[in-house]
Amino acid sequence: MTDDGQVTYREAMRAALGDALREDDRVFLMGEDVGMYGGTFAVTLGLIEEFGPERVRDAPLSESGFVGAGIGAALGGMRPVVEVMTVNFALLALDQIVNTAASLLHMSGGQFNVPIVIRMTTGAGRQLAAQHSHSFEGWFAHIPGIRVLAPATVEDARWMLGPALDDPDPVIIVEHGTLYGAKGDPGTGPVDIDRAAIRRPGSDLTLITYGGTLPTTMAAADRLAEEGIDAEVVDLRTLRPLDDATFCESVARTHRAVVIDEGWRSGSLAAEISARITEQIFYELDAPVGRVCSAEVPMPYAAHLEAAATPTVEGIVAASKQVVGRDG
Amino acid sequence: MIVADPQTRLAMFGDMVRVRRFEERCAELYTETKIRGFLHLYIGEEAVAVGVLHHLGPDDAVVGTYREHGHALVRGVPANSIMAEMFGRYEGCSRGRGGSMHLFDAATRFYGGNAIVGGGLPLAVGLALADKMQGRSNVTACFFGEGAMAEGEFHESMNLAALWDLPVLFVCENNLYAMGTALERSESVTDMALKAAGYAMPSWAVDGMDLDAVWDAAGHAVQAIRAGGGPQFLEMRTYRFRAHSMFDPERYRDKAEVTGWKERDPIETMRERLAAGGVLDDEAMTSIESAATAEVDEAVAFADAGTLEPVEQLTRWVTSEPEEAQP
Ligand SMILES: Cc1ncc(C[n+]2csc(CCOP(=O)(O)OP(=O)(O)O)c2C)c(N)n1
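Residue numbers (my numbering), protein chains in the order written: chain S, 824 to 1151; chain L, 40 to 366.
No lab work stands behind these hints: they were computed from the structure.
Just to be clear, a hint being listed does not mean it is correct.
As the list claims (entries may be wrong) - Residues from chain L shown here face chain S by an in silico Cβ test under 10 Å; the list is partial:
id : residue
1  : Ser-133
2  : Phe-143
3  : Ile-155
4  : Gly-159
5  : Ala-167
6  : Asp-170
7  : Leu-222
Positions of the beta carbon are idealized from the N, C-alpha and C atoms, including for glycine.
Use the sequences and the hints to build the structure in full.
Shown next, in the form of C-alpha cells:
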C-alpha cells in the first residue's frame, strides 16, 4: 500500500484471497502455478509461504481435471477457489463448468449445490494475440446456474470474493488482464454483488459497461464532458444475473444508452442488454441503443490492429455523439 | 482369494437379482412408454456394482455414469424413488429433473448419474480431495466404462489422483464396447489395467462376471485405500447382454458373441456355485426372487401414483434457495 492508501487491483485481489484463507479452513486455492510461481499474474504471490502447498495447491496442466476436482471438493464440503489462467483456457474446462457445476443443483432436484469460485483473466490489450486475449465472459453469462462477476475497480477486486464464497452456487470471477496494475482505494467493504454501480452520474446518456472497459468508458465520459455532453456510467459488476433495474432506471432518466462490451458484437452481452432495454423501457428511448464491441476478428497481435479491434475512447465518444444526435 | 462369508454372499446374490429384475421391468416399461429418454441397462454387469459397493460404508461416496440404476439400487437409493425418477415424477430421487441418466441421492452420497462420458472422473477426484483435506478416511468409488478411458478427462483425473495420493477407487467397467465402437477400435492399449499402471497406480484386471472375484479384488483395493495406499484401479472385464440403449439396433456385434457371454451370466454362475456349496436352497431362491419382484412391483406402483412437479416450480433450484443452501 502506498502512503495515500492506494493499492493495485492485484494487491487487492491477493488481500481478499489471504483473508478468505485465513478466515475459513475450508477455503483453498488451486490452479496452474498459483503456488511456487506466485500466480501467472502474480495475484497469489507469497500465499504459499503463509498457507502451505496443501491450501495453495499447484495443479498440473489439466483445466478440466482440476476444475472438476474443485467441483467435487465443493460437494465434499470444501470452498475451493480455482484459478484458470485465462478465459481462453477455461474453454478446456467448459464441460465441467456447464455440464456439471451449473447443472448439478437443478439436475439433482435441489440436492447438490456447488459452492465453487472460479477465477480467470479475460480480455485484450497486452498484445498476446488470439489465444490469450478473448472475452468469453458473455458465454458464461449465458448459462443458468452460475453467477458471473466482473470486478472493474480496486474496491470490487478487494471485496467481491467474500460474497462470492458465501454464494452456495458456482461463481465465476473474470478479471481483465489490463486492470491488475491499476491503483485505487480498496475501501472497507463489503460490496453488494447483486447490484450494478453508477460510477459517474450524468443526465444526457447512459454508458453501460463492465470490467476492463470501465476505465476506457470513464475516459470517454470525461472527453464527452469537455464537449458539453453529460454521460452517466453504469458498471454492471455482475454479468449474471444482470441488474436490469439499475441500468433501466438510468436509461429511463437519460433516454439514451450505449453499451460497451469487449466481447464480439454478434450474440454478445451487449446484445442482451440492448434487448432488455428495448423490452422494458422502449418508450423512454429517444434514440436506438448504441453498441461498441470488439471487431469480429480473432484478436490480432500487432498493437495498432489490437487497438482497432477493441473498444476505444474515440469509438465510445463517436457512438455517444450519434445517440445524442451530435455526430458531425 | 478371499471369499465373503455365506451371509454376505447371499445378500450380494440377492442384490444382483434385485438389479436384474428391476431393469427387466424398466425395459418393459420403456416399451409401454412409461419410461422415456435414454435408458441404458446394466444387465449382465451386475456383479461389478454389487461386488464393489458391498465394501463401502455409509460415509463413502459413489460416482456413477448414465448406466447407473444398479449402482443406485445397490448403494441403497430406494427403488421407489429411482422408478419414480424414471417416470418423471416429483417423488423421484432427482424430482423428475434427471431421469434414468441422472439419479442423485444426497442421503447415500450418490453423486450421479453423469451422462458426459468421463465427466464423473474429475468429480470423484475432488470428492476424494475434500476427504483427504478434512482428514476423513472415506473412499470415493468411481464407475466408468472403458470408452471413458479414451477421454482427456480420464488422463487428467488419473494423474491428479495419483499425484495427490487421493482415496479413490477407479472401477472401469470394460464391457468391450463404447456404443458400437469396439475396444480395439478405440484404444491404442487395450489392456486397461496396464494403461492405468502407467500412472503409477496399483491396478488389477478382474473377471467382472464372477461376483466372488469382484468382491475379492474390490476388498483388497478398498482396504489399500483406507490404509493410505492412494488411488487403486480395477478393470472389470464384463459384458452387457442388452443393446447400448433402447435405441440401439446392435449392428456391431454378432449373436454368437453375445450368446457366448450370456453363458457366463454372473447371476447363474453364482446361483449354481451357492447351491453347490449348500448356501442357497430352493426355498431361499424363491424368497429372493419374490422379494425382488415385490420390490419392483411396489416401485412401479409408487411411481405410477407419483405426482408431477407443478410447472410453476420450473426454475426452482437453478440457483440455491437461500434457506436450502447446505452449510
Ligand atoms: C463426452 C461424451 N461424448 C459422447 C457421448 C455419447 N455416448 C454416450 S454413451 C457412449 C459410449 C460410452 O462407452 P463406455 O464408456 O464404454 O460405457 P458403456 O456405455 O459401455 O457402459 C457415448 C459415446 C457422451 N454421452 N458424452
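Going down the list of hints, with the structure as the test:
Checking L/Ser-133 against chain S by beta carbon gives a least distance of about 4 Å; that is within 10 Å, so the hint holds. Because the closest C-beta pair between L/Phe-143 and chain S is about 4 Å apart, less than 10 Å, the hint holds. About 5 Å separates the beta-carbon of L/Ile-155 from the nearest beta-carbon of chain S, less than 10 Å, and the hint is met. Given hint, L/Gly-159 at the interface with chain S, holds; its Cβ is 9 Å from that chain's nearest Cβ, closer than 10 Å.
With its C-beta approaching chain S no nearer than about 7 Å, L/Ala-167 sits inside the 10 Å limit, and its interface hint holds. Against a cut-off of 10 Å between C-beta atoms, the interface hint on L/Asp-170 holds, since the closest Cβ of chain S lies about 6 Å away. Evaluation of the L/Leu-222 hint against chain S yields a violated restraint, the C-beta minimum of about 23 Å exceeding 10 Å.
In the structure shown, a violation is registered for the earlier hint numbered 7 alone.
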